[in-house]
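Start from the sequences and build out the full structure, keeping to the hints where you can.
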Amino acid sequence: MRIALVILFISCTLSAHAQEPLDFMDIMNWRLELPSGYKASDWKLSNFRKDRFAQPFFYLDSLDGALVMEAFPVEGTRSKSKYTRNTLREQMQPGSSDVNWTMKEGGVLEAELQVTKMSQEDGKYHKTILFQLDGRTSEKQTEKLGLAKSTSMPLLKITWDNERVKVQRRVLKNESTVGDQLLSKSAWENDDSRFSKKIGFKKFKIRIAVKKGKIEVQIDDDTPIIYRDTSVKQWYFENYFIAGNYLQTKSPGAHSIVKYYYLKVNHD
Amino acid sequence: MLSVGLNAQNIDLSHWKITIPKSRKDNPNKPIEVSPPEIKDFAGNEDLKPYFYKDPEDGALVFYAYPAQTTRNTKYSRSELREQMEPGSNKVNWTFAQGGRMRGTLSVPETTQDDIGDYHRVIIMQIHGRLTNEQRDLIGEDDNNAPPILKIYWDEGRIRVKTKVLKDKKAKMPEILHEKAWGDDKGRNFKEIVGTNKFTLEVNVSKGKMTVTLNDDETFTYEGVDIDKWGVFENYFKAGNYFQSRDKGSYAYVKYYELEVSH
Numbered sequence: 209m210r211i212a213l214v215i216l217f218i219s220c221t222l223s224a225h226a227q228e229p230l231d232f233m234d235i236m237n238w239r240l241e242l243p244s245g246y247k248a249s250d251w252k253l254s255n256f257r258k259d260r261f262a263q264p265f266f267y268l269d270s271l272d273g274a275l276v277m278e279a280f281p282v283e284g285t286r287s288k289s290k291y292t293r294n295t296l297r298e299q300m301q302p303g304s305s306d307v308n309w310t311m312k313e314g315g316v317l318e319a320e321l322q323v324t325k326m327s328q329e330d331g332k333y334h335k336t337i338l339f340q341l342d343g344r345t346s347e348k349q350t351e352k353l354g355l356a357k358s359t360s361m362p363l364l365k366i367t368w369d370n371e372r373v374k375v376q377r378r379v380l381k382n383e384s385t386v387g388d389q390l391l392s393k394s395a396w397e398n399d400d401s402r403f404s405k406k407i408g409f410k411k412f413k414i415r416i417a418v419k420k421g422k423i424e425v426q427i428d429d430d431t432p433i434i435y436r437d438t439s440v441k442q443w444y445f446e447n448y449f450i451a452g453n454y455l456q457t458k459s460p461g462a463h464s465i466v467k468y469y470y471l472k473v474n475h476d
Numbered sequence: 003m004l005s006v007g008l009n010a011q012n013i014d015l016s017h018w019k020i021t022i023p024k025s026r027k028d029n030p031n032k033p034i035e036v037s038p039p040e041i042k043d044f045a046g047n048e049d050l051k052p053y054f055y056k057d058p059e060d061g062a063l064v065f066y067a068y069p070a071q072t073t074r075n076t077k078y079s080r081s082e083l084r085e086q087m088e089p090g091s092n093k094v095n096w097t098f099a100q101g102g103r104m105r106g107t108l109s110v111p112e113t114t115q116d117d118i119g120d121y122h123r124v125i126i127m128q129i130h131g132r133l134t135n136e137q138r139d140l141i142g143e144d145d146n147n148a149p150p151i152l153k154i155y156w157d158e159g160r161i162r163v164k165t166k167v168l169k170d171k172k173a174k175m176p177e178i179l180h181e182k183a184w185g186d187d188k189g190r191n192f193k194e195i196v197g198t199n200k201f202t203l204e205v206n207v208s209k210g211k212m213t214v215t216l217n218d219d220e221t222f223t224y225e226g227v228d229i230d231k232w233g234v235f236e237n238y239f240k241a242g243n244y245f246q247s248r249d250k251g252s253y254a255y256v257k258y259y260e261l262e263v264s265h
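Chains A and B are the protein sequences, given in the same order. Using the working numbering, read the first sequence as starting at 209 and increasing by one per residue. Using the working numbering, read the second sequence as starting at 3 and increasing by one per residue.
Just so you know, the hints here were simulated from the structure itself, not pulled from any lab data. Keep in mind that the hints are not guaranteed to be accurate.
Said to hold, decoys possible - Below, computed lysine-lysine pairings styled on DSBU-like, alpha-carbon distance capped at 30 Å:
| id | chain 1 | residue 1 | chain 2 | residue 2 |
| --- | --- | --- | --- | --- |
| 1 | B | K250 | B | K174 |
| 2 | B | K193 | A | K312 |
| 3 | B | K193 | A | K288 |
| 4 | B | K51 | A | K258 |
| 5 | A | K357 | B | K24 |
| 6 | A | K288 | B | K164 |
| 7 | B | K56 | A | K258 |
| 8 | A | K357 | B | K171 |
| 9 | B | K171 | A | K352 |
| 10 | A | K348 | B | K171 |
| 11 | B | K193 | A | K472 |
| 12 | A | K393 | A | K441 |
| 13 | B | K188 | B | K172 |
| 14 | A | K348 | B | K193 |
| 15 | B | K56 | A | K357 |
| 16 | B | K250 | A | K288 |
| 17 | A | K258 | A | K247 |
| 18 | A | K381 | A | K335 |
| 19 | B | K193 | A | K247 |
| 20 | B | K182 | A | K357 |
| 21 | B | K164 | A | K247 |
| 22 | B | K200 | A | K247 |
| 23 | B | K27 | B | K250 |
| 24 | B | K193 | A | K352 |
| 25 | B | K200 | A | K258 |
| 26 | B | K164 | A | K348 |
| 27 | B | K211 | B | K200 |
| 28 | A | K247 | A | K357 |
| 29 | A | K258 | B | K250 |
| 30 | B | K169 | A | K348 |
| 31 | A | K258 | B | K193 |
| 32 | A | K352 | B | K169 |
Said to hold, decoys possible - Residues from chain A shown here face chain B by an in silico Cβ test under 7 Å; the list is partial:
| id | residue |
| --- | --- |
| 33 | G245 |
| 34 | D250 |
| 35 | F261 |
We put the beta carbon where it would ideally sit given N, CA and C, even for glycine.
The following block contains the structure:
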């Protein structure tokens, strides 16, 4: 038993050499959260190729070099997530979630990806959220609202849903809402759209561009979905992107695999 | 000025005592400690060998620790050096007014992970306070233990610095001599990510001021009422591997390539 333990721990120790960076994503600008409750950013995340705790969920495909993100429910974990989370959260400043970007500053996410596996239940595919654009109260807003810590709310959710790509966003229930009321979750409701193209299990490109009151989501070279109205203009939160494979179930046996061929964010 | 150097070519351990996570034969509740002058022959000491040795490849001094025998007042075990201004004695220490400087080049090449993959943390440098006998008697303690004013951690590839702050800024003598008068600050991380690479840390202390510098680049400065009032304590430097885990099978290695203290 003692020998087994020693071997176990040798297998998960660190490399004496720095990891080669990935050429298709800036891994230092993301924070990973896995179904097991494992979390990693900056150095710890960059070490994922040597980390046996990351590997069942997050690894490079040995054939095409793509980043594979697997999601399946894990029993007895410390994860507080309602669903099965395998997500990357943008961190403009490596290791910190406190630096985010405003609607005015804007941001563009570009990725090429492929859902290669999705489990079914009662003849229906499970769903997974591939991307989110989350808003978060700034330090000032948090203080002004008298909250103990910042609160967040997604502005955009992009979901693989029955072989198609669904885009859900938040709109104001009442367009004349102003001031701190805009930071209240109850002021907003969901608004769904869907790309007509059947993506299925094929590789596709996506571009999410946010700038000064305009949000544009495009798949491959198809006609983009564009939002440009009061709801977008009145979004006062600070923002960050989320990418990954956020499987929307905790059903036993559920399992999804998403491969990322590239994942780039810029704020030029 | 007293300068005590330690490096691969010229290991001078004449002002350091080593503590390792192995029990003494004559007192199984205490860890083995080796002071000057015996520490100079560390390579010939069979007890020290697994925990404190020179790396045959790069000449670094290696500190290996895992959860085992601890010292009094502590729950974690260590392979760690304790400064001894007077070789072989813990009695002579220094105040902030007297000042001190410690500079080391080191790395944390290996540490294990816990059950969900968080890396175990290691304290790699410290400034520890110590009560004089008079202070000890004044507050009715039975030993000279005082809190550490400085703890420097390797924390998942980053260098994290923690200091002590007074819970009540108005506290005076003799309350401030009590360990419970002091709490932890929230801690600060240097921007640079060191991972498993070599890095240099320098700690400078003078009256009312303490600075910590990583790689001769970013510096954290501590001053104000807490540091001023800390002036009452005597202190000593510590360097090595104070391993912050009690998990079965966990361990860490710390390597020192250079270590120098001056006053």
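To see whether the hints hold, each was checked on the structure:
1. The suggested pairing of K250 (chain B) with K174 (chain B) is violated, with an alpha-carbon distance near 43 Å, which exceeds 30 Å.
2. Using a Cα cut-off of 30 Å, the hinted pair K193 (chain B) and K312 (chain A) holds, with the two alpha carbons roughly 27 Å apart.
3. The suggested pairing of K193 (chain B) with K288 (chain A) holds, with an alpha-carbon distance near 29 Å, which does not exceed 30 Å.
4. Between K51 (chain B) and K258 (chain A) the alpha-carbon distance is near 29 Å, which keeps this suggested pair within the 30 Å criterion.
5. About 44 Å separates the Cα atoms of K357 (chain A) and K24 (chain B), which puts this hinted pair outside 30 Å; it is violated.
6. Between K288 (chain A) and K164 (chain B) the CA atoms are separated by roughly 29 Å; this keeps the pair inside 30 Å, and the hint holds.
7. Note on K56 (chain B) and K258 (chain A): the hinted pairing holds, with a Cα-Cα distance of about 27 Å set against a maximum of 30 Å.
8. As the CA atoms of K357 (chain A) and K171 (chain B) are separated by approximately 26 Å, the hinted pair is consistent with the 30 Å bound.
9. Restraint check: the Cα-Cα separation between K171 (chain B) and K352 (chain A) comes to about 28 Å, which is no more than 30 Å; the hinted pair holds.
10. Under the criterion of a C-alpha separation no larger than 30 Å, the hint pairing K348 (chain A) with K171 (chain B) is consistent with the structure, at around 27 Å.
11. Straight-line distance between C-alpha atoms of K193 (chain B) and K472 (chain A) comes to about 23 Å, which keeps the hinted pair within the 30 Å bound.
12. Distance check on the hinted pair: K393 (chain A) and K441 (chain A) sit about 16 Å apart at the alpha-carbon level, within 30 Å; holds.
13. Restraint check for K188 (chain B) and K172 (chain B): satisfied, since their Cα atoms lie roughly 20 Å apart, inside the 30 Å limit.
14. At roughly 23 Å between alpha-carbon atoms, K348 (chain A) and K193 (chain B) fall within 30 Å of each other, so this suggested pair holds.
15. Of the pairs offered as hints, the one joining K56 (chain B) and K357 (chain A) is violated, with about 48 Å between alpha carbons and a cut-off of 30 Å exceeded.
16. Our distance criterion of 30 Å between C-alpha atoms is met by K250 (chain B) and K288 (chain A), whose separation comes to about 26 Å.
17. This hinted pair checks out: K258 (chain A) and K247 (chain A) have alpha carbons roughly 15 Å apart, not beyond 30 Å.
18. Between the alpha carbons of K381 (chain A) and K335 (chain A) the distance comes to roughly 26 Å, so the proposed pair stays at or under 30 Å and holds.
19. Restraint check for K193 (chain B) and K247 (chain A): satisfied, since their Cα atoms lie roughly 19 Å apart, inside the 30 Å limit.
20. Between K182 (chain B) and K357 (chain A), the direct Cα distance comes to roughly 28 Å. Compliance with the 30 Å bound is thereby established for this hinted pair.
21. The suggested pairing of K164 (chain B) with K247 (chain A) holds, with an alpha-carbon distance near 23 Å, which does not exceed 30 Å.
22. Distance check on the hinted pair: K200 (chain B) and K247 (chain A) sit about 25 Å apart at the alpha-carbon level, within 30 Å; holds.
23. Under the criterion of a C-alpha separation no larger than 30 Å, the hint pairing K27 (chain B) with K250 (chain B) is consistent with the structure, at around 23 Å.
24. Of the pairs offered as hints, the one joining K193 (chain B) and K352 (chain A) holds, with about 29 Å between alpha carbons and a cut-off of 30 Å not exceeded.
25. A C-alpha spacing of about 19 Å is found between K200 (chain B) and K258 (chain A), which places the hinted pair at or below 30 Å, so the restraint holds.
26. With a C-alpha separation of about 26 Å, the suggested pairing of K164 (chain B) with K348 (chain A) holds against the 30 Å cut-off.
27. Straight-line distance between C-alpha atoms of K211 (chain B) and K200 (chain B) comes to about 27 Å, which keeps the hinted pair within the 30 Å bound.
28. Taken as a hint, the K247 (chain A) and K357 (chain A) pair is honoured in the structure, with Cα atoms around 20 Å apart against an allowance of 30 Å.
29. Restraint check for K258 (chain A) and K250 (chain B): satisfied, since their Cα atoms lie roughly 21 Å apart, inside the 30 Å limit.
30. Distance check on the hinted pair: K169 (chain B) and K348 (chain A) sit about 27 Å apart at the alpha-carbon level, within 30 Å; holds.
31. At roughly 23 Å between alpha-carbon atoms, K258 (chain A) and K193 (chain B) fall within 30 Å of each other, so this suggested pair holds.
32. Taking the CA atoms of K352 (chain A) and K169 (chain B), the gap is about 27 Å. The hint holds against a cut of 30 Å.
33. Here the hint on G245 (chain A) is kept, as its CB sits about 5 Å from the closest CB of chain B, short of 7 Å.
34. Below 7 Å, beta-carbon pairs count as interface contacts, and D250 (chain A) has one with chain B at about 5 Å; its hint therefore holds.
35. A least Cβ separation of about 3 Å between F261 (chain A) and chain B falls short of the 7 Å threshold, and the interface hint therefore holds.
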